[in-house]
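Take the sequences, apply the hints, and build the full model.
Chains as they are written, first to last, in the numbering used here: chain A, 1 to 244; chain B, 245 to 567.
Each hint should be verified, as a subset may be incorrect.
Unchecked claim - Restricting the straight-line Cα-Cα distance to at most 30 Å, the calculated cross-link-like pairs of lysine-lysine (DSS-like) are:
hint, chain 1, residue 1, chain 2, residue 2
1, B, Lys340, A, Lys13
2, B, Lys377, A, Lys80
3, B, Lys412, B, Lys369
4, B, Lys448, A, Lys80
5, A, Lys13, B, Lys412
6, B, Lys369, A, Lys80
7, B, Lys374, B, Lys340
8, B, Lys374, A, Lys80
9, B, Lys349, B, Lys422
10, B, Lys448, A, Lys13
11, A, Lys13, B, Lys369
12, B, Lys340, A, Lys80
Derived from the structure by calculation, the hints contain no laboratory data.
Being a predicted model, the structure only gives us computed values, none of them experimental.
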Amino acid sequence: MRNIWVIAEKEYKNFFISPIAYVVSFAVLLILGIIFYANVLAASIQQYAPSIQIVIGPLVTLLLFTIPAITMKSLAEEQKNGTLEILLTAPVRDWEVVVGKWLGGVLFILTLLLVTWFFPIVLNQIVQPGIDQGLMLASYIGLFLISSCFLAIGVMTSSFFSNQIAAFFACLGILLIFWMLGLPAQAAGATAGGDLLRYLDLSEHFYPTFFRGVIEVKDIVYYTSVTALALFLGSVSVEARRWR
Amino acid sequence: MIRVFGLTKDYGSRRAISDLTFNAGKGEILGFLGPNGAGKTTTMRILTGYMPPTSGKVTIGGYDVIDDSLAVRRIVGYLPETVPLYSDMTVYEYLKFMADIRNVKNSRQRIYETLELVQLADRSKGYIGKLSKGMRQRVGLAQALLHQPDVLILDEPTIGLDPKQVVKFRELIRSIGKDRTVLLSSHILPEVQQVCDRVLIINKGKIVTEDTPEQLQARLTGAQRVNVRVRGDINDLLPQLEKITGVINITPEADDRFEFESIPGQDLRPQVARMIVNAGYDLLELRPVNLSLEDIFLQLTRDEAEVPSNLSTEEPVEVAAEN
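Here it is as structure tokens:
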């Protein structure tokens with residue numbers, strides 16, 4: 001556990017040493033701010049109270065695109081610079097390296113999510129009688145779970161490559177495929193195959209539940225198991241590097 | 245401390261090292277010498293637990309590198325060939341991370357001690373990306389020394405150091421080597437000659453020979469060569485020289501200079517000197533020629549390469565050594 005924490009801490013600090021943290025946060029907050037402003041304006045003209053979904057909806061989509069950028073260098077860069085050699089000859093297990101990298105990313109996303117809390121607070125001030133706090137809490141729990149899941153997939157793909165750009169697009173590809181599994185599922189209809197695709201769809205466990213203020217155990221189980229599976233595959237991939 | 249038995253590693257169909265067997269004891273500095281691509285780095289990577297061997301057994305400090313990998317890694321300090329540094333961290337931050345990951349107690353004090361040792365104490369707050377190559381090399385060395393390892397494995401450690409630093413570095417290695425085990429690879433021969441207690445010459449994945457630098461020199465030189473310079477024309481002198489028993493292989497080098505070899509175990513210099521003076525020449529110089537480790541190395545690695553080319557003499561002889 002200590003080793004994981006040491007690696008996570010270094011990873012977290014590194015986000016702030018490199019410009020990535022600032023660029024990503026700035027982009028996310030700027031786009032979120034524009035969408036927020038436009039929605040609030042539209043709502044005030046049409047005389048209705050906007051819900052917190054005007055923040056959460058775009059935020060999920062933004063995370064889908066920014067998390068590959070956050071994780072792309074995690075293991076790919078270590079491989080390229082040869083620093084992986086020193087991590088793998090330090091008294092640390094392979095999975096501890098992978099989990100440490102992931103945890104560093106989780107801490108960073110947690111920081112970013114904390115900053116986006118600004119929007120619900122503002123919204124709470126301007127709508128009467130304030131926003132639905134339960135919906136907000138459920139949405140944020142969902143956001144946290146889905147981000148850690150994305151991050152695990154990102155760290156996993158980063159372990160496959162020694163090129164950051166390749167790691168970025170591979171991760172984005174995997175995320176988009178699993179994000180849109182619902183489309184072929186619709187075509188398949190109510191068959192067993194359709195149900196399976198719907199179950200595997202990353203978004204199917206967010207929009208119908210967390211996004212509407214519902215917390216269900218099956219969704220928590222789904223996201224944590226995908227996270228665990230991705231981290232496991234990442235560890236296997238790091239270990240496989242030794243054999244090459 | 246280090247016991248290697250029958251170590252073999254294949255990369256796909258290419259055999260990088262083949263059946264290496266050697267030991268290194270406590271307080272010993274073992275030099276690992278060979279041309280590029282001889283398998284030095286591969287061997288070191290296996291020893292540090294970075295990659296598993298195809299077959300063979302390695303124990304360090306009594307722990308098996310595969311079964312007790314973590315225990316081995318705790319007592320080994322390793323400086324890879326490409327110095328593993330995070331260029332956007334400061335020297336202190338980097339060493340702090342390495343100390344934490346190795347669970348070093350009193351890390352702050354230990355980091356400054358180590359920086360003092362590698363003479364980088366004034367650069368602790370500098371960014372690694374802005375350091376010169378020699379300084380980076382020393383940061384890498386500091387990283388390997390931080391946890392005071394029992395076994396130190398250094399892959400080409402003096403690359404990028406300037407001559408003055410190389411001297412300092414040798415002193416450092418010698419002082420560390422007094423009570424620990426150091427395995428050091430190099431393709432620079434004088435370095436190995438000066439620092440190591442024992443040299444292991446490896447070529448094409450096989451151990452060619454293993455001995456102390458002095459023994460190696462003595463063993464391979466065999467007959468002693470002497471270089472002689474006189475005043476006058478040596479052509480009249482050489483027939484007389486041939487009469488001295490034990491003198492072989494006389495080779496004239498210039499009008500006034502020649503070399504001869506004496507059969508092993510005999511020092512013929514007094515007889516030769518007397519003969520020259522009696523013949524009416526002035527003896528200006530009488531100097532024994534030692535084959536340097538460099539010559540021995542070239543000889544050993546070339547011999548290996550020449551074996552197949554003997555079969556067809558038309559083929560050009562491939563020189564294995566790059567240095």
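Task: Hints not upheld, ascending by number - done: 5 and 10
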